[in-house]
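Peer 1: These protein sequence lines are chains C and U, in that order. Residues in the first sequence are numbered from 762 upward in steps of one, following the numbering used here. Residues in the second sequence are numbered from -14 upward in steps of one, following the numbering used here.
Because the hints were derived from the structure by calculation, they are not lab data. None of the values given here were measured: they were computed from a predicted structure. You may find that some hints are simply not true.
Mimicking DSSO-like on lysine-lysine, the simulated pairs with C-alpha atoms at most 30 Å apart in a straight line are [what the hints assert, rightly or not]:
no., chain 1, residue 1, chain 2, residue 2
1, U, Lys14, C, Lys840
2, U, Lys210, C, Lys1043
3, U, Lys437, U, Lys91
4, U, Lys357, U, Lys437
5, C, Lys1102, U, Lys91
6, U, Lys98, U, Lys154
7, C, Lys1198, U, Lys210
8, C, Lys1102, U, Lys77
9, U, Lys437, C, Lys1043
10, U, Lys91, U, Lys20
11, C, Lys920, C, Lys1002
12, U, Lys20, C, Lys1102
13, U, Lys20, U, Lys198
14, C, Lys871, U, Lys110
15, U, Lys(-13), C, Lys840
16, C, Lys1198, U, Lys81
17, U, Lys421, C, Lys920
18, U, Lys198, U, Lys117
19, C, Lys966, U, Lys210
20, U, Lys81, U, Lys255
Each chain, letter by letter, is given below.
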Amino acid sequence: MADHTSELRRLLWVAALKKDEMLSLAENAVRLALAKGAAEAETYVYEGQSTSIGVERGQITKSSRIIDRGLGIRVAVNKAIGFAYTNVLEKQAAVEETILKALGAARASKPDPDWQRLPERKPYASVENTFDQKIQELHSEDLVNLTSTMLDAAAKVDKRVLPIEGGAGAGSLATAIANSNGVSGFDKGTMIECSLATVAKDGNKVTPVCFEFNAARNYAVDPEWVGKEASRLALSALKTKRIETKTTKLILTQFALQELLYFTLINAVKADNVQRDQSPFKGKIGEKVASDNLTIYDDGLYAGGLRTSTFDGEGAPKQKTLVVEKGVLRNFLYDNYAARKEGVESTGNASRAGYLSTPNIEATNFHLMPGNKAADQLMAEVDDGLIIYFLQGAHSSNPVSGEFSVVATPAWKVKKGEIVHCSRGVMLAGNIFEVLKNVSVVANNERQMGQLVSPWILVENVRVIGK
Amino acid sequence: LKDILTKTINEATKLGAEYAEARAETLFKTMLTLKEGRVEAAKQGTEEGVALRVLAGGAWGFASIGSLNAEILTNAVSEACKMAKAASLQLKNPIKLAKYRAVEDKVRIKPRKNPSEVSMEDKIKTASAINKNTLSYDKRVKSCTIDYLDLTGTSTFTNSEGTFIEQDKLYVWSRITASAVQKGVFTFSREEIGSTAGYELFDTETPEALGEKLAKRATEQLSAKTPKGGSFPVVLGPNVVGVFVHEAFGHLAEADLALSGGVLANNLGKKIASDLVTFYDDGTIDGAFGSFKYDDEGVRTQKTLLIKDGVVAGLMHNLETAQKFNAEPTGNARAEDFRVEPIIRMRNTFMAPRDRSFEELIEDVQFGYYFKSFRGGQANVDGTFQVGIQEGYEIINGEVGDPVRDASISGNTLETLLKVDGVGKDFELEAGRCGKGQTAFVCDGGPHIRVKEVTVGGSA
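Just chain C, same shape as in the assembly:
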């Protein structure tokens, strides 16, 4: 019965918007904007609800619930674009004022000769495993239990490990979009995650922060594994030894790959960057840009993917786009604007930060296709090298040229296929596009981290600067 009353209270607190309510909010705002003088109009309605449990220094210390909803209106007037948003949805006056602000912004702005029009209505593909009713019905008590399981598993590994922060969260989000070209869409999804950041302490020795997590669209997380792995990683970072400066083999885990690729390769395949001379891939479609071992899709429909949905941030259908095929560059990623500029179709890569922003080109599920070697077989290929999890400073890479100079926090030394010790302050330097040409083996242990869905990869000839 306790559960029942809390469910009631939650409904009282603020009821979730229904599909019809969201769609009619969007469609009405579009109509009104046209009536007030917009040549074109688009409304994006967003509602997110999340519950989370927080861990600090080994214990659960907080719980929070956030409800955030609002709408963003984009209008075109004489090829000039204006945008306004509000989170005040109860009052019609606030919505009308937002429309006027969008129009005012457009009128104050400069016409863009490259602007053609908003996306047209197209059929959406169906997606799998993106919504789980069970997640929507979770209570903070359930997440407390999940978090406790994770903490207990971490504590069992070794007393020297301190879980410094982490927790569990569950949320649902719904989006509706409508525009004056007849686009009308509604999508909803759920997500659950648990994560733990740990350090190990032995006397005066403190390891760098190690981290593990699970995140999924349906109720499929393993808190016990997360706790155990986060502890095991920290513990294995206690034994340190210096390494020398040299050129060596690296195993890049998903953590490292995500950091390195986000600021470099992913930027290089965004069509707007290509059009603006900000990508080294300009004019290189059909050319070899990476090792034969690499095939990459951007797959907005990837089953259960963290970035999977039926339509993108401006209502274009999401799709699966071949980006790199056996090392050969095949396609760039487009939103509506960049696509129309070149006379091609959007690839469904317009992304939005909820109702607060206009669309930007972003990868969806950036899927580096797995090879056929298991992780331990990949390790066995390494006579002498390093395995890299966490990196610091990837965001200071040269986003245009791909040059990076980062520090591994820490790096683990691999000898004859086994991890022998860890090493602190190791710097890795090079150019990510050269690194991609030197991928010799791709494993089959794929998982998703942010946008990236990838296995581990083995890279030859990376410059490593020891301390």
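With chain C's structure known, arrange chain U on it following the hints.
Peer 2: Coordinates of chain U only, in the frame set by chain C:
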């Protein structure tokens, strides 16, 4: 609004909360993105909402909702109490808070140029001028992206200790990036400016000066070489010193991170740095991007001494960590907006200047690097830091030589602080944004300094 918030707080107390606070915010934003002068979209936003935080059974409950409706807030605060109690079930060390006096105040900002009174046309004109000055400097400059934001609004804070504060918010910020291309070499240059004073920011940071600085850096790097990897003496400019103070040291001096295994917790009162090193985190500097009068727990901001002549003098606290360390709260609890809870954040963090001229700092360096401007930095609680460099030069026989590109420095913070052997008499403070799950507006800075030896990462 005061009545509604007070009623909400009282409801929490009635439900057994040891402490409760409500923070209502109304925010207005104007944003622009220009790419090569094209206005991608002119944007305006309105947000309102309330953050409710309660301490019950020694654990925190937090609720955020975009509504100022009394009934919704009452329901939300009781949910927060219930969640706090659920979280507290297995608590070994219940959270306690330091006592702080009740404050009643209204803080009004009177800018010379209020951004909310500057027309969208004028803002677009300023941004277009920056773009023009950047792109017309040299034809090898290929792209220029300008992001602009201004934020105005009010935060109304009340808590169960009797504090009631109404505080205006005002921020003006811009980030400009440019890239240059020549024979397959790509370079990149970035500037960030920000102020809590008003739109007059652009009177000092003029479009002409900004454009030239960006374009000059991007084109100069085209002919730069990559640095040698290894250990070298370096001279760091105020901009790099600032990011070092912030990233490498500042985060370690945030009491929550210090407690989480950070290296500073056991070093209070101990000498950890060269005698030349004095660091402050100061929320009181007029108009600086990290300044404000009261933090988001209702604590008055202050100038906090972190290191004095090489000795750790203090940490940055909120009410919770102040209690744990038996220290005074320092006014460092900040929340990005009503969607998030306040956490310990820096304000304007800097190294105090000493007496050396730039020439004195470089004159006895046989071979080393002068790193003038950073591209990004990051640190770990174990004290490992990394700072990427967007503008750097060789130092050869005591003189600044050829430019180097895409360098970075890395090391252990405490070891590096001991190797500071020269501190300049100049001083600059620069605006930035800091990410710690939420974004905070801050400044970092200092004088030029010399470090005997630091690891330089390069591809050579």
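Peer 1: Would you mind marking each hint as holding or not holding in the structure?
Peer 2: Hint by hint, here is what the structure shows:
Using a Cα cut-off of 30 Å, the hinted pair U/Lys14 and C/Lys840 holds, with the two alpha carbons roughly 23 Å apart. For the hint linking U/Lys210 to C/Lys1043, the alpha-carbon distance of about 24 Å falls within 30 Å, and the restraint holds. Of the pairs offered as hints, the one joining U/Lys437 and U/Lys91 is violated, with about 49 Å between alpha carbons and a cut-off of 30 Å exceeded. In summary, the hint linking U/Lys357 to U/Lys437 is supported, as the alpha carbons are separated by about 16 Å, within the 30 Å threshold.
Distance check on the hinted pair: C/Lys1102 and U/Lys91 sit about 51 Å apart at the alpha-carbon level, beyond 30 Å; violated. Restraint check: the Cα-Cα separation between U/Lys98 and U/Lys154 comes to about 14 Å, which is no more than 30 Å; the hinted pair holds. Among the hinted pairs, C/Lys1198 with U/Lys210 is consistent with the structure: their alpha-carbon atoms are about 23 Å apart, no more than 30 Å. Straight-line distance between C-alpha atoms of C/Lys1102 and U/Lys77 comes to about 60 Å, which puts the hinted pair past the 30 Å bound.
Between the alpha carbons of U/Lys437 and C/Lys1043 the distance comes to roughly 43 Å, so the proposed pair goes past 30 Å and is violated. With a C-alpha separation of about 40 Å, the suggested pair U/Lys91 and U/Lys20 falls outside the 30 Å cut-off, and the hint is violated. Restraint check for C/Lys920 and C/Lys1002: satisfied, since their Cα atoms lie roughly 22 Å apart, inside the 30 Å limit. Restraint check for U/Lys20 and C/Lys1102: satisfied, since their Cα atoms lie roughly 15 Å apart, inside the 30 Å limit.
Among the hinted pairs, U/Lys20 with U/Lys198 is consistent with the structure: their alpha-carbon atoms are about 18 Å apart, no more than 30 Å. The straight-line distance between the Cα atoms of C/Lys871 and U/Lys110 is roughly 10 Å, inside the 30 Å bound, and the hint therefore holds. Our distance criterion of 30 Å between C-alpha atoms is broken by U/Lys(-13) and C/Lys840, whose separation comes to about 45 Å. The hinted pair formed by C/Lys1198 and U/Lys81 fails the criterion: a straight-line CA distance of about 55 Å is larger than 30 Å.
Distance check on the hinted pair: U/Lys421 and C/Lys920 sit about 28 Å apart at the alpha-carbon level, within 30 Å; holds. In summary, the hint linking U/Lys198 to U/Lys117 is supported, as the alpha carbons are separated by about 13 Å, within the 30 Å threshold. Between C/Lys966 and U/Lys210 the alpha-carbon distance is near 38 Å, which puts this suggested pair outside the 30 Å criterion. For the proposed pair U/Lys81 and U/Lys255, the alpha carbon gap of about 27 Å is at most 30 Å, so the pair holds.
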